[in-house]
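Asker: Chains as they are written, first to last, in this note's numbering: chain A, 1 to 453; chain B, 1 to 305; chain C, 1 to 376.
Don't read these hints as lab results, they were simulated from the structure.
There may be inaccurate statements among the hints.
Unchecked claim - Reference listing, derived: stretches of chain C covered by chain A, where coverage requires no fewer than 3 residues with Cβ under 8 Å from a Cβ of chain A:
id : stretch
1  : 35-46
2  : 51-62
3  : 248-261
Stated by the list, open to error - Straight-line distance between alpha carbons at most 30 Å, and here's what the computed DSSO-like set of lysine-lysine pairs gives:
id : chain 1 : residue 1 : chain 2 : residue 2
4  : A       : Lys170    : A       : Lys328
5  : A       : Lys378    : A       : Lys170
6  : A       : Lys337    : A       : Lys378
7  : A       : Lys301    : A       : Lys328
8  : A       : Lys103    : A       : Lys37
9  : C       : Lys245    : A       : Lys103
10 : A       : Lys378    : A       : Lys328
11 : B       : Lys187    : B       : Lys171
12 : A       : Lys378    : A       : Lys172
13 : B       : Lys96     : B       : Lys187
14 : C       : Lys245    : A       : Lys37
15 : A       : Lys198    : C       : Lys160
16 : C       : Lys6      : A       : Lys139
17 : A       : Lys378    : B       : Lys147
18 : A       : Lys337    : C       : Lys245
19 : A       : Lys37     : A       : Lys198
20 : A       : Lys295    : A       : Lys378
21 : A       : Lys163    : C       : Lys160
22 : A       : Lys139    : C       : Lys245
23 : A       : Lys139    : A       : Lys163
24 : A       : Lys198    : A       : Lys172
25 : A       : Lys378    : A       : Lys37
Virtual Cβ for every residue (Gly too), placed ideally from N, Cα, C.
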Amino acid sequence: MKRILLTLGLTAALLANSACVRKDGGPTVANDTGAIKVGVYGDLSGQTSSFGQSTKNGVQMAADEINKAGGINGRQIQLLIEDDQGQPAQAATVATKLVNQDKVVALIGEVASTNSLAAAPKAQEGRVPMITPSSTNPKVTQVGDYIFRVCFIDSFQGAVMAKFAANTLKAKTAAVLGDVNSDYSKGMSQYFEAQFIKLGGQIIMRQSYTQTDPDFKGQLTSIRAANPDVIFVPGYYGQVGVIAKQAKELGINAPLLGGDGWDAPQLWELGGEALRGAYMANHYSIDDPSPAIQKFVADYKARFNNTAPDAIAALAYDAMKILADSLKRAGTSDGAKLRDAIAQTTNFPGVTGMISLNADRDAVKPAVVLKLEPTGRKFIYTETIQPEGAAATATTTGGAPADSASPQTAASPEGGATGSSGTTGAGNANANANGNTNTNANTNTNAGARATP
Amino acid sequence: MDTFVQQLINGLTIGSIYALIALGYTMVYGILRLINFAHGDIYMVGAFAGYFIAHGLGFALEPSLIGFGITLLGSMLVAALIGMAIERFAYRPVRKYARMTTLITAIGVSLLLENLGVVLFGGAPRSFPQLLQNQNYTLFGNAAISKSQILIFSVSIALMLLLQWIIYRTKVGTAMRAVSFNLNSAKLMGINTNLIIAFTFALGSALAAAGGVLTAQYNPQIYPLMGIITGLKAFVAAVLGGIGNIPGAVLGGLLIGAAETFVVGYGQSVGIPSTYRDAVAFSILILVLLFRPAGLLGSTVQEKV
Amino acid sequence: MPTFVKRLLFAVLVIVALLGLNAMLSTEGLFGFGLDDYYGRLLTFIGINVILAVSLNLINGFTGQFSIGHAGFMAIGAYASAYLTVYHAPNWEPALAGMVGADAAHVLIFLLAIFVGGLVTALAGLVVGIPSLRLRGDYLAIVTLGFAEIIRIVILNIDKVGGATGLTVPGYTNFVWVGIFAVITIVVVHNIVRSDTGRVLVSIREDELAAEAMGVNTTRYKVLSFVISSAFAGIAGVLFAHYNKFLSTADFTFLRSFEIIIMIVLGGMGSITGAILGAAVITILPEALRQLPTIALFGQEFNFADLRLVIYAALLIVIMLTRPQGVLGTSEFGMSWLRRAQKRPAGDEAVGASAGVPIAERDESNTDPDKEVENK
Numbered sequence: 001m002k003r004i005l006l007t008l009g010l011t012a013a014l015l016a017n018s019a020c021v022r023k024d025g026g027p028t029v030a031n032d033t034g035a036i037k038v039g040v041y042g043d044l045s046g047q048t049s050s051f052g053q054s055t056k057n058g059v060q061m062a063a064d065e066i067n068k069a070g071g072i073n074g075r076q077i078q079l080l081i082e083d084d085q086g087q088p089a090q091a092a093t094v095a096t097k098l099v100n101q102d103k104v105v106a107l108i109g110e111v112a113s114t115n116s117l118a119a120a121p122k123a124q125e126g127r128v129p130m131i132t133p134s135s136t137n138p139k140v141t142q143v144g145d146y147i148f149r150v151c152f153i154d155s156f157q158g159a160v161m162a163k164f165a166a167n168t169l170k171a172k173t174a175a176v177l178g179d180v181n182s183d184y185s186k187g188m189s190q191y192f193e194a195q196f197i198k199l200g201g202q203i204i205m206r207q208s209y210t211q212t213d214p215d216f217k218g219q220l221t222s223i224r225a226a227n228p229d230v231i232f233v234p235g236y237y238g239q240v241g242v243i244a245k246q247a248k249e250l251g252i253n254a255p256l257l258g259g260d261g262w263d264a265p266q267l268w269e270l271g272g273e274a275l276r277g278a279y280m281a282n283h284y285s286i287d288d289p290s291p292a293i294q295k296f297v298a299d300y301k302a303r304f305n306n307t308a309p310d311a312i313a314a315l316a317y318d319a320m321k322i323l324a325d326s327l328k329r330a331g332t333s334d335g336a337k338l339r340d341a342i343a344q345t346t347n348f349p350g351v352t353g354m355i356s357l358n359a360d361r362d363a364v365k366p367a368v369v370l371k372l373e374p375t376g377r378k379f380i381y382t383e384t385i386q387p388e389g390a391a392a393t394a395t396t397t398g399g400a401p402a403d404s405a406s407p408q409t410a411a412s413p414e415g416g417a418t419g420s421s422g423t424t425g426a427g428n429a430n431a432n433a434n435g436n437t438n439t440n441a442n443t444n445t446n447a448g449a450r451a452t453p
Numbered sequence: 001m002d003t004f005v006q007q008l009i010n011g012l013t014i015g016s017i018y019a020l021i022a023l024g025y026t027m028v029y030g031i032l033r034l035i036n037f038a039h040g041d042i043y044m045v046g047a048f049a050g051y052f053i054a055h056g057l058g059f060a061l062e063p064s065l066i067g068f069g070i071t072l073l074g075s076m077l078v079a080a081l082i083g084m085a086i087e088r089f090a091y092r093p094v095r096k097y098a099r100m101t102t103l104i105t106a107i108g109v110s111l112l113l114e115n116l117g118v119v120l121f122g123g124a125p126r127s128f129p130q131l132l133q134n135q136n137y138t139l140f141g142n143a144a145i146s147k148s149q150i151l152i153f154s155v156s157i158a159l160m161l162l163l164q165w166i167i168y169r170t171k172v173g174t175a176m177r178a179v180s181f182n183l184n185s186a187k188l189m190g191i192n193t194n195l196i197i198a199f200t201f202a203l204g205s206a207l208a209a210a211g212g213v214l215t216a217q218y219n220p221q222i223y224p225l226m227g228i229i230t231g232l233k234a235f236v237a238a239v240l241g242g243i244g245n246i247p248g249a250v251l252g253g254l255l256i257g258a259a260e261t262f263v264v265g266y267g268q269s270v271g272i273p274s275t276y277r278d279a280v281a282f283s284i285l286i287l288v289l290l291f292r293p294a295g296l297l298g299s300t301v302q303e304k305v
Numbered sequence: 001m002p003t004f005v006k007r008l009l010f011a012v013l014v015i016v017a018l019l020g021l022n023a024m025l026s027t028e029g030l031f032g033f034g035l036d037d038y039y040g041r042l043l044t045f046i047g048i049n050v051i052l053a054v055s056l057n058l059i060n061g062f063t064g065q066f067s068i069g070h071a072g073f074m075a076i077g078a079y080a081s082a083y084l085t086v087y088h089a090p091n092w093e094p095a096l097a098g099m100v101g102a103d104a105a106h107v108l109i110f111l112l113a114i115f116v117g118g119l120v121t122a123l124a125g126l127v128v129g130i131p132s133l134r135l136r137g138d139y140l141a142i143v144t145l146g147f148a149e150i151i152r153i154v155i156l157n158i159d160k161v162g163g164a165t166g167l168t169v170p171g172y173t174n175f176v177w178v179g180i181f182a183v184i185t186i187v188v189v190h191n192i193v194r195s196d197t198g199r200v201l202v203s204i205r206e207d208e209l210a211a212e213a214m215g216v217n218t219t220r221y222k223v224l225s226f227v228i229s230s231a232f233a234g235i236a237g238v239l240f241a242h243y244n245k246f247l248s249t250a251d252f253t254f255l256r257s258f259e260i261i262i263m264i265v266l267g268g269m270g271s272i273t274g275a276i277l278g279a280a281v282i283t284i285l286p287e288a289l290r291q292l293p294t295i296a297l298f299g300q301e302f303n304f305a306d307l308r309l310v311i312y313a314a315l316l317i318v319i320m321l322t323r324p325q326g327v328l329g330t331s332e333f334g335m336s337w338l339r340r341a342q343k344r345p346a347g348d349e350a351v352g353a354s355a356g357v358p359i360a361e362r363d364e365s366n367t368d369p370d371k372e373v374e375n376k
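Construct the entire structure; sequences and hints are all you get.
Answerer: Okay, structure coming up:
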């Protein structure tokens, strides 16, 4: 009996913890003094916890830099980080908590589109702007006008690789090997297939795997039998590294193609030599010699146990920086005004490229295609592909990076951009249209492109 | 034809891993009637133990057979100790209670290992070092077998034979069989049942750890939640073969591994896309149990009134 | 007081309590006091988990059949009803709204969704139950688990309901609906357990062979109990879908099934109040552990909130070690006044008194002295 009382007492204590709060009856007035609370949520303990941890690291690093530089209009940023275990319902719960309990002024979160889709309505209802660093599904920002993103959308990245495969690699047939549990992978496959077929190619084999599969040889053996020109693997680095290794063991020589999900130091450790000849689309390259990117990579390594940042960490870093920039411009943490300020973000020089937000609240930025070079673990810049409908296209000028083999093509040499040189330090509000989006140090990307896809 | 042979090799490779893990499930179940849900996580613990041994002793830098052997044995030892500790501190105190209680305790231990793993090692996949120089051998046509696959076959077969020898040819094995027949009678016969149960856990855990290290040679990606699905499938394999039955676990493991791979390889031509891979193991299990309620090699025990 | 008056009083009380809580959850609050959406969400999830736990208790706790695939049935209910409300309801909603008004139309559609979700899941329960309930013990467990995983993988492959991305669902549910269905579930399960059927179910749990020898068609009753249990899981799924407004198969993995099992074992197998308590504790605990502070120990900062899942798992083991029969065992807590409301035959205590351990396996020396006290 005593134990029962104890248990009940504990439960009651937990409930009492959540004591009733007096309601004002109206919406909360924005509190414009004290620390600015920013909510971060992600999978810190589940199947995709590596993404959540990268997000957390990226945001934390950006917030610390901002705070060290004096904060935003004199106010410090306070991060509230919650774990959603990678479950959509939990993501919605923690978003509710951050919005209603902690009264955060903005949310940064989720990597998996599924979790962002579950949480976004809570941000929208609470009129708290949410920036997702790396949810690529177009539906996410369609939830409402408070939801933004700083990454590519699936359609763009998938199409980029299809164009690259068809135009640059002159591939006629392709096999697609996607992650069935990942919305990211499914979206990319869909748009890759559509674009590749439009360009006259043929998809001769579709295979899928899940993150937990113990091996991928079954799928790869079937692909080997079909003998495609290229294999599109829109997955995450953990599996891709192993897929590359096992493909080589089976004697498959067709190049593997993928997207930003590949970007992580672990890819090299897992795939090693087998990654030779593979290509990936990305926002940026950690081997980019531009000072802003090199500083980011060096700071990140110094801070987090010598781990190089993956694309997810870089995007999270940019998301926090854009949020800070918008807060500065808005001059207040009021939801509606902050939303408007974020929506006006134009040519923000992030580490993942020059970021502008379009009318759909999606980031518009060019993608770079990188060739993987296992010796020295380098990404060799191959070409830049602009978002469709970009008003002005960027161009690559000469001056290939020292370590670069030979950049094959510059996709859009007709652009005629004339941005001034140099990279602007991240965090500089409303920077001019200068920045570095590809691996060429001297490249100027005139990303005045406010594309309207 | 070479594609078929290739798929068969792939399937049997993964099947022998399932078999190694399934042995642990089946032995523990045979003795305690306990579904040890934490067993899949022991497989993970084994892989991580191997990772740290290989890095700590420098085998990661220079592939060698000795390095591989020490890593394998070391991780088996670590897992055996952890398995025994789990039995002693979590399972033994609840052994006398209802089955549900022990089951929840097992789930609790499993969650504990997984979450501790995430806290200690982080969620990101780590790359397990290559302990032996990898090489591919072409059998005929396009069919290739890699050294890591040969390793998996040979080590699993050796371990299974060793297990068979322990159970049927040694004194402790005889005691294990006695305990699995009837725990109380075995106790009356003067068998130290607690010791035998601890030994069973040690043995099962060591085999799971071997599975972990071997898989890591083949698929070098290791992460704290790697044991969930693999463990579940190994458990399915054990039930399929007839839980409590040792040859059954091996048969079940190989069958599930092969079936999965063939669904991935040939399913598409009969309308089952490879996305159904994970459903295959369960579908086979359900079909088999409907016709043979005690599994393929299990014998139905008539209940006495 | 006549029985029906008491029952009426009970119903009125429940509804007043639910409306009161709901008022506290609204923007205005109740008399100026209120709870924010986060608590609203937790309370609603407690309600949904109560439905899941109490219904699973019918098959696991009272019938003694080891089913661990409840999340699969929840998924069926959720997706079947969402298919209705996302793809079909919009077609005839305007016409219906024209007849009865927009609010009433929503309620009608929602009730239809509940009905469809429950029915489809009951049918699924029948299809799964007939073959699998021939199996015993752990074989049944693994088969139900297998079915649940197959259900999840099949749904994952249907792009029409969102596939890997997930599906956005209209939000028709609120806390009051969830509360009402939780109470309905409790009352129905309670009444089944106290009925003749309930006696049969308990007799199957106690000794299946003996029950069979007494002329009970055990398969029939096991399937019946399984189907009822599934139907309620389906209803919980419908409520979850239309409250959460978003469905993804990632919310219906076998870990979710385990969570429901944990609720009933923690509360006490074969105790309805135990299941309710378990549902509340397991819903609140992980959230409450988020509040853990960062403490400096040995010159290092430890953020205990990061360890919350480790602590959660450790607590689970500790509870099982210290209280193996669950917090409430098989006894009911604080329901005596309810029980008195119904004339019950003598010897009623026998119902639900053995924690699912077949008599043959019961070890008398292990009975907890506490339990005797609680049964009084």
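Asker: Could you run down the list of hints and mark each one as holding or not?
Answerer: Against the structure, the hints:
1. Taking a C-beta to C-beta cut-off of 8 Å, the stretch 35-46 of chain C contributes 8 residues in contact with chain A, enough for the three needed, and the coverage statement holds.
2. Counting residues of the stretch 51-62 of chain C whose CB lies closer than 8 Å to any CB of chain A gives 0, which falls below the minimum of 3, so the coverage claim is violated.
3. Check result for the stretch 248-261 of chain C against chain A: holds, 3 residues qualifying (beta carbon to beta carbon below 8 Å, three or more required).
4. Taking the CA atoms of A:Lys170 and A:Lys328, the gap is near 48 Å; set against the 30 Å cutoff, the hint is violated.
5. A threshold of 30 Å between alpha carbons decides the hint, and for A:Lys378 with A:Lys170 the separation of about 24 Å falls inside it, so the pair holds.
6. Restraint check for A:Lys337 and A:Lys378: the C-alpha separation of about 43 Å exceeds 30 Å, so the hint is violated.
7. At roughly 28 Å between alpha-carbon atoms, A:Lys301 and A:Lys328 fall within 30 Å of each other, so this suggested pair holds.
8. For a cut-off of 30 Å, the pair hint linking A:Lys103 to A:Lys37 stands: about 7 Å separates their Cα positions.
9. The suggested pairing of C:Lys245 with A:Lys103 holds, with an alpha-carbon distance near 22 Å, which does not exceed 30 Å.
10. Among the hinted pairs, A:Lys378 with A:Lys328 is inconsistent with the structure: their alpha-carbon atoms are about 37 Å apart, more than 30 Å.
11. Proposed proximity of B:Lys187 and B:Lys171 is supported: the alpha carbons are some 15 Å apart, at most 30 Å.
12. Distance restraint check for A:Lys378 and A:Lys172: the Cα-Cα separation of roughly 28 Å lies within the 30 Å cut-off, and the hinted pair is therefore satisfied.
13. For the hint pairing B:Lys96 with B:Lys187, the CA-to-CA distance comes to about 14 Å; that is within 30 Å, so the pair holds.
14. This hinted pair checks out: C:Lys245 and A:Lys37 have alpha carbons roughly 27 Å apart, not beyond 30 Å.
15. Between A:Lys198 and C:Lys160 the CA atoms are separated by roughly 24 Å; this keeps the pair inside 30 Å, and the hint holds.
16. A distance of roughly 52 Å separates the Cα atoms of C:Lys6 and A:Lys139; the hinted pair therefore is violated under the 30 Å criterion.
17. For the hint pairing A:Lys378 with B:Lys147, the CA-to-CA distance comes to about 28 Å; that is within 30 Å, so the pair holds.
18. With a C-alpha separation of about 27 Å, the suggested pair A:Lys337 and C:Lys245 falls inside the 30 Å cut-off, and the hint holds.
19. Simply put, A:Lys37 and A:Lys198 have alpha-carbon atoms about 47 Å apart, too far for the 30 Å limit, and the pair is violated.
20. Restraint check for A:Lys295 and A:Lys378: the C-alpha separation of about 17 Å stays at or below 30 Å, so the hint holds.
21. A hinted pair counts as satisfied when its Cα atoms are at most 30 Å apart, and A:Lys163 with C:Lys160 qualifies at roughly 28 Å.
22. Simply put, A:Lys139 and C:Lys245 have alpha-carbon atoms about 14 Å apart, close enough for the 30 Å limit, and the pair holds.
23. This hinted pair checks out: A:Lys139 and A:Lys163 have alpha carbons roughly 24 Å apart, not beyond 30 Å.
24. Of the supplied pair hints, the one linking A:Lys198 and A:Lys172 holds, its CA atoms being roughly 12 Å apart against a limit of 30 Å.
25. A hinted pair counts as satisfied when its Cα atoms are at most 30 Å apart, and A:Lys378 with A:Lys37 does not qualify at roughly 38 Å.
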